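Colleague: In full-length UniProt numbering, the protein residues as written are 1 to 238.
What the hints contain is simulated information worked out from the structure, not anything from laboratory work.
Because the structure is a prediction, the values reported are computed rather than measured.
Accuracy of the hints is not assured; some may be wrong.
[Claimed, not checked] Below, a list of computed lysine-lysine pairs in the DSS-like style, where the Cα atoms sit at most 27 Å apart:
no. : residue 1 : residue 2
1   : K208      : K227
2   : K231      : K195
3   : K228      : K187
4   : K231      : K187
5   : K223      : K187
6   : K187      : K217
7   : K231      : K208
8   : K226      : K195
9   : K195      : K217
10  : K217      : K231
11  : K227      : K187
12  : K207      : K226
13  : K53       : K43
14  : K207      : K231
15  : K195      : K207
16  : K134      : K208
17  : K228      : K134
18  : K226      : K187
19  : K208      : K226
20  : K134      : K207
21  : K207      : K217
22  : K227      : K217
23  : K228      : K207
24  : K228      : K195
25  : K208      : K195
26  : K228      : K208
27  : K227      : K207
28  : K227      : K195
29  : K223      : K195
[As the list claims (entries may be wrong)] Derived Cβ-Cβ restraints for the label pairs, each shown as a range:
no. : residue 1 : residue 2 : range
30  : Y86       : G148      : 48 to 56 Å
31  : E33       : Q194      : 46 to 54 Å
32  : G148      : K217      : 22 to 30 Å
33  : H73       : T25       : 22 to 30 Å
34  : Q215      : E33       : 44 to 52 Å
35  : D127      : K53       : 38 to 46 Å
Ideal placement from N, C-alpha and C gives every residue a C-beta, glycine not left out.
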Amino acid sequence: MTSYRSCFHNFYDDRILQSTPNLLTWIGFGLSEVFLPKLRFLKVLYIENSSLKNLMLIRGCIHLRYLRLRNCHTVTLPSSIGQLLYLQTVDLRGTSLGRSLPITAWAIPTLRHLYLDSGSCGTIELDPMPLLEKLPCLVVLHLWNYRGPTMHCSAQGLPQLQNLELHFFSTEWTIEVGAMPRLSNLKLLSCGMQKLPEDLLNLQCLKKLETNCWQLKFDNTWKELKKKGCKCVLVDAS
1 MTSYRSCFHN FYDDRILQST PNLLTWIGFG LSEVFLPKLR FLKVLYIENS SLKNLMLIRG
61 CIHLRYLRLR NCHTVTLPSS IGQLLYLQTV DLRGTSLGRS LPITAWAIPT LRHLYLDSGS
121 CGTIELDPMP LLEKLPCLVV LHLWNYRGPT MHCSAQGLPQ LQNLELHFFS TEWTIEVGAM
181 PRLSNLKLLS CGMQKLPEDL LNLQCLKKLE TNCWQLKFDN TWKELKKKGC KCVLVDAS
């Protein structure tokens, strides 16, 4: 089988796509519309800085592994995204998809890396954890700008999660015993938290905590984590 890698910059030509049915990687910039024929072998779809309306024909890309829509503020996804059973990475930073992300997306069993920011979550994602905990294979989670009153991680939730980043996070955070049993790296960046949740002490695999919130250095939980062998680091705010 012949495979192709193709890159389009401020350019789109449907004839090219139809002539390369075995395309593996598709990269586009500055697009107003995208027509995806049945690219059955497509594994990577990367679209940036585009004013798309929808990606209805994404359902034909049945082997898609990586979907990245960066700064595509008007894009919407079809409910058929839940049929992409090989999808492992979804990067929606710089979109408004949090308000219209199909619920079927949370049923993708292979999803391992998820990136959501203030554009995709909105300053509302309701505690986002009840949905995120439905992703049993999730290994990396970056969450921006959740400012709801509480966030609760339940027991046995996110069983494979290893890396968690919370940006612009200011809320009460509770973690049940047994939640995130494999979490090893935690970043709290530009957060309004005045103290760390004591529940972090229940995370037996936590090896490193990074933050640029200097006030957390004086927190008792910070000191107890260091006693347990967790490397607690203050990083540059920039």
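Colleague: Taking 27 Å as the top limit, are the C-alpha atoms of K217 and K231 close enough?
Modeller: With a Cα-Cα distance of about 12 Å, the restraint between K217 and K231 holds, given a limit of 27 Å.
Colleague: For the pair supplied as a hint, K208 and K195, confirm whether the alpha-carbon distance does not exceed 27 Å.
Modeller: Distance ~17 Å between K208 and K195 Cα, so the pair holds.
Colleague: Take the C-alpha atoms of K228 and K195, compute the straight-line distance between them, and say whether it is at most 27 Å.
Modeller: At roughly 18 Å apart (the allowed maximum being 27 Å), K195 and K228 satisfy the hint.
Colleague: Please work out if K207 and K226 have their alpha carbons no farther apart than 27 Å.
Modeller: holds, 9 Å
Colleague: Tell me if the straight-line CA distance from K227 to K187 falls inside 27 Å.
Modeller: Distance of about 19 Å is within 27 Å: holds.
Colleague: Can the restraint linking K231 and K187 be considered satisfied, given a maximum Cα separation of 27 Å?
Modeller: holds, 12 Å
Colleague: Between K207 and K231, is the straight-line Cα distance small enough, at 27 Å or below?
Modeller: Holds - the C-alpha atoms of K231 and K207 are around 6 Å apart, at most 27 Å.
Colleague: Given a hinted range of 46 to 54 Å, is it respected by the beta-carbon distance of E33 and Q194?
Modeller: Holds: the Cβ-Cβ distance is about 47 Å, inside 46 to 54 Å.
Colleague: Return holds or violated for the Cβ distance of D127 and K53 against the range 38 to 46 Å.
Modeller: violated, 30 Å
Colleague: Hint check: K134 vs K208, CA-CA at most 27 Å. Holds or violated?
Modeller: holds, 25 Å
Colleague: Next pair to validate is K207 with K217; report whether the Cα-Cα distance is within 27 Å.
Modeller: Holds - the C-alpha atoms of K217 and K207 are around 16 Å apart, at most 27 Å.
Colleague: Just tell me: holds or violated, for the beta carbon distance of H73 and T25 against 22 to 30 Å?
Modeller: Holds, since H73 and T25 (Cβ atoms, about 24 Å apart) stay within the stated range.
Consistency note: the structure conflicts with the earlier hints numbered 17, 30 and 35.
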